[in-house]
Amino acid sequence: MISNSLEMTRRARPPRAVSVRFPFGHALGEPGNRMQQRRVLLEALKLLAEAKGPEMRLLSHLKWRRTDYAMLPPVELPGGTTAR
Amino acid sequence: MATGNMGVTGRLVAWVFVRVPFLANVWARSRQTTGQPAFVFPARPLSGMRIGVITTGGVHHVDQTPFHRKDENPQGDGSYRLLDLTRPRDAFVLTHDWYDRRDAERDLNLVLPAVRLREFAEEGIIGELHPVAVGLMGHVKGEEAFRLEHETAPEIAAVFREGEVDAVLLVPA
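Quick note, the sequences are listed as chains D and R, same order. The first sequence begins at -17 in our numbering and counts up by one. The second sequence begins at 14 in our numbering and counts up by one.
Since the hints were derived computationally from the structure, they do not count as laboratory data. Ideal Cβ positions, reconstructed from N, Cα and C, are used throughout, including at glycine. It is possible that part of the hints are untrue.
Partial list, computed: chain R residues near chain D (C-beta under 8 Å) [claimed, not checked]:
| id | residue |
| --- | --- |
| 1 | GLY48 |
| 2 | PRO55 |
| 3 | ALA56 |
| 4 | ARG114 |
| 5 | ASP116 |
| 6 | ASN122 |
| 7 | GLU141 |
| 8 | VAL145 |
Derived CB-CB ranges, DEER-like [to be verified]:
| id | chain 1 | residue 1 | chain 2 | residue 2 | range |
| --- | --- | --- | --- | --- | --- |
| 9 | D | GLU37 | R | PRO167 | 32 to 38 Å |
| 10 | R | THR78 | D | ARG48 | 16 to 22 Å |
| 11 | D | GLY14 | R | GLN88 | 31 to 37 Å |
| 12 | D | THR49 | R | ARG119 | 33 to 39 Å |
| 13 | R | PRO58 | D | ARG48 | 43 to 49 Å |
| 14 | R | GLN88 | D | GLY61 | 42 to 48 Å |
| 15 | R | ALA170 | D | ARG(-7) | 16 to 22 Å |
| 16 | D | LEU40 | R | LEU95 | 28 to 34 Å |
| 17 | D | ASP50 | R | LEU95 | 19 to 25 Å |
| 18 | R | PRO50 | D | ARG47 | 29 to 35 Å |
| 19 | R | ARG102 | D | ASP50 | 26 to 32 Å |
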């Protein structure tokens, strides 16, 4: 799952979660920010593919409005694929 | 999609939770911890997976019964709606009292990222997006939380199992 509340997610105990510090109603980011939305989803897919057990991953490097998502290095997915 | 039916109190609560995350965390600590994580390894690589989506953003179709608002049931609404992702954007609406929905109404991907996941399918990152998603309304408690756990959740699991979905992404509001 994607989480925008670490406290709530800890209590839900999902098998996998990526957590962002974005406001409620904005788990994927800002409206119209395609690269930001893709980034959060790619991090979730990466965790889906590579987790070896229940894991909650805090994406502290993804800032709400202070990250230029087009400039971030691509996400390396299992199998050698990269995407951004 | 009018935001006017959110109500002044709902807007105020949403505003406070967004701007004072500490209070949201205090509320979160009052929630009950449930069970053990249901972890399983994927059966195939990402590029072959059929991905399903659950949103708790109160998304439903215009021709479906809206979720109960808090003035109709203070415990929320533990039911679900099946969402046909082949329908156009104007077939989707949001009913939810507990967050500021205006940005999600501008860009539905914030709570139901179907467009983004279709991009990934076209790029070969995932196999495909399951064409049926599930809409829930978060912030349920009491009898509605019990209904969600014991009636709704098993039915949702059956929907994705019958659809041969490999993994489901839950997107909160």
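- Message: Could you work out which of the previously given hints the structure breaks and list their numbers from low to high?
- Response: When the structure is compared with the hints, numbers 3, 7, 8, 9, 10, 12, 13, 17 turn out to be violated.
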